[in-house]
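Colleague: Here is what each chain is made of, one letter per residue.
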Amino acid sequence: MKSIINGQWSIVALMNMLALLFGLALLLWQPLQVKAADADLKPGDTIGPSNWQRIQGMVGENFLNRVKAGHTIQIKEPKINRPLKEYVEATEKYSGQVRLGPNGELLNYVAGQPFPKIDPKDPQIGQKLAWNFFWRWLGDDYKTGGAVEGGKILRTAIEKGGSERRADLVSYFIFPRTRYTLNPKPAIPGYEHIDFMQLRIDSYPRDSSGTTSLEIRYGDPKRSDDLYLYIPSIRRIRRVTTTQRCQTLAPSEFNLDDINSFNGKITDFDYKFLGEKKILANLTQEKFPFNRKPGDYLPLDEKWQVVDTYTLEITPKDPDYCYSKKILHLNKVTYDTHWTLMWDKKGEYYKEQFGFFTPVKLSDGREVWSVGTVVITNVQNGRTTLVTANRAYNQGYPPSLWSLATLQQIMRGGSIE
Amino acid sequence: MDHRTKIFPLYFLLSLFIATPAHAASILGGEWEKYLTERVSFSGFFDNTTGLSIGAGDRHFHTTNRFIMNRFTFQPELNVDVVEKLKLFISWRFVKEPRYNAEARSRRKTVAPKPVEPLDNTFYDEDSFKPWEMVWDYNPTGSLSIRLGRQFISWGETDGLRLLDVINSADLTFAPSLAPNLFDTDETRIPSWGVRALYTVAPVTNSILEFFALPGFDEAKQRVDEVLGSNDTADGRVVYGRWSSHPETRMPFGRMFTNGLAGRSTIIPVVSRILPDAGDNWKIGSRITHNIGKLNFGLGYIWGYNPQGGDMVFKLRSISPGPPTTTIANIQLINDRTSIFAGHFNYAVDEVVGIPFNTAIRGEVAFYPSEPYNISKYPGNAFRAGPHPRHPDGITEKNTLRYSLGFDRSTLIPFLQEDPYRAFRMSFQIFQRIILDHEDGIRAFSTANKIKMVSTNFTFRVGTGYFGDTILPDVFLFYDPTGYWAANPAVTYAPSWNEKIKITLTAAIYWGRDKFSFPGLLDEKDSIFLKMRYQF
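So the sequence lines, in the order shown, correspond to chains A and B.
Using our numbering, the first residue of the first sequence is number 642, and each one after it goes up by one.
Using our numbering, the first residue of the second sequence is number 22, and each one after it goes up by one.
Accuracy of the hints is not assured; some may be wrong.
Keeping only pairs whose Cα atoms sit at most 20 angstroms apart, straight-line, the calculated PhoX-like set for lysine-lysine is [claimed, not checked]:
1) A:906 <-> B:315
2) A:918 <-> A:762
3) A:758 <-> A:973
4) A:973 <-> A:913
5) B:315 <-> A:863
6) B:117 <-> B:151
Everything labelled a hint here was simulated from the structure, so no lab data went into it.
Turn these sequences into a full structure, and let the hints guide you.
Modeller: What follows is the structure, given as structure tokens:
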């Protein structure tokens, strides 16, 4: 500006003026670009307040607003995960016999991906995508938190004002009727009626440490989940109903159906295929938890890649359900969700969730993938919850781990392995 | 032991814990550092509870500021995964109530002539290095687990009150009754040395066999009950605890055991308490649990010494002449051996005739064969209750059935919440005691009040969280249809900037038409408390 003051136009001043004119032109041009995200994002591209339009529709609205306000992200080389050989074999072996029942239930399912051939013109494609999501490969069992230093899930609740609270926990999953690697296969005898069992143990802070839940999901679509809770302050197991699935699992912003993006009973919802879409995701998270400013959820050093997804709209059959709709973006290969968007009963934008993934190794050295950090933001109250939950797969846990006897052995802060 | 000497170990331990983390691993070397990092975890809490009486107090408690509690608790806890199948958990509990010195002085000045005395200054303190809990968990197979050491064993399904949860005794000296929001059962229950084994027969149906044996090595703690009768007066002392009731509730109960010697109709009760020796102190129990569909249930049996205060009885041992016109009734306070046939169930009800119910139903039942009760006959001498001619020792035994039924549900009440999906947890419970083959004159040992054939209590509890669970209100209510109430409202602040801190403001409030019955005898003991906790 010094040169202008002096009455002379330097090259720098000229460049500034051109940039200003270009910016004005861009502002006028923007409305045309509102729904046209840039599918040609290249590794090395940087997206920020000046070119946020390039990722519009590829991330959640709240995240996009943060980019508009100054956050920048970088695009990296895409990483494509490939299904495990055993899962592919099971899909080839059993998928031919799988059918949808009159109420959308899955018939004749044994293991693998139920519907490997997706036809956009199929009137039942939504329901089939939902089942593909539900039966995506998640190992035969896994310990969440098992692949992080310290072996714990790290959960941080961030208030609107930026204050934070931490909690540590660990969880164990088993899929007793869809086993691909560990014997017995494909199902543990006696457990053919159980889709999955989850054991979740809080370990920090001290007063909640030892709080343990045992959740059992049954294959029978009419049977609700069983949930038992061991409460250390009374040292007893209490039965909990699971039909109130909308209740907030405070202080987090998750509810029972938000776990793993969508944890509802498949047959309790209707599904609509909205099309295919490229979105931004991170399949190679580098730090656990990722670097961020205190009080903020935005990942600072992580890069993003473009991923091909199916967009699936989920609407509840129950008119009193907390979400009027939920949209999942399902990875076309693995059926994991990268972005999940939720609207409240009034149809107003409510929550958005993104999940990073990371490569992990099986005990035989093969590389698979695990969720890394998941972020859920309630855009209405401004609170965010981050969960860093890397998985260690195929640990060979005995099914007896998921029994009430385990709950009776929990000590304060203790592990169960 | 000198007072300062006693608390020195506490300071030493504190300084050790504060100084240790930064250096220990590097001093011990890489392997130890790895072991300590991966297999050892350390936690615990510091706690301060301050209580103010909002009732009128009594003649035995005239401190000017009604400052009834200032309790510091430090509880370090250590978990060690020794090897793959063996774990160790140890905790210690250190308690200091510096305020009690003032109370003891106050009582000494104001209390009536001997044998009434204040408690020792250090009565509520706990400064022993004996572990509070110390258990070895050994899991030789996926199906069998064995827990050895000083431990808690809690059966049952109830919330706030205990029915089947009678395997460990509870310390009722420092905590107010019916106030689970102030001290939960984990803080009041006393661990016992013993062994417990769980064998999972069929995990998919939760078919589990359980066995425990507790030899009862622990020494008994002096009682400071709510009423005079519970005190051991044979040593010439009567001690009043924090929750000792208003003096008029202490009634002369000796006349219910004897009419006295000829010409000596005034009865002076002299109470002694002989605690069972280790041989009598054994407790053994076994249980099997199982699922049928959505129903989870268990059946069990407990045999042994019954430590529950409410189940004690007086037994007339002898009478002897006392001062002129008086007879001394030597009465012993006893806990009998007990057999308890126990059962529990829980069941989740999603809907009833198509209407959403969303409620977990749970129940407990305990059958006590030949449970002892004190008994008297009315009218005795001078139209007052007197000894029962068919029960010369003042005791009768009756089969007794106790059960509870509880209903738990989470309910969304959007107009009462800033987050419409933060649920209110509600719990409603019914407790009943039925004395089979009931006789008129059966009385509670402690208040000498009559016990009807059927006694009923109700509890209701509701809790929720506001502002991301930084404000946590919880209300516990107790109701006895014969005219008694208790309320324990609480609100906890859990700051959004530090998960280690919790501050709870709570009150213990009692109403009762009759100060001779529970909880009416606590009617003038209404108090408020501030509890501050730092967890690490």
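Colleague: Hint by hint, say whether it matches the structure.
Modeller: Here is what the structure says about each hint:
no.	hint	in the structure
1	A:906 <-> B:315	holds, 18 angstroms
2	A:918 <-> A:762	holds, 16 angstroms
3	A:758 <-> A:973	holds, 11 angstroms
4	A:973 <-> A:913	holds, 16 angstroms
5	B:315 <-> A:863	holds, 13 angstroms
6	B:117 <-> B:151	holds, 16 angstroms
Violated hints are absent here; each numbered hint is respected by the structure.
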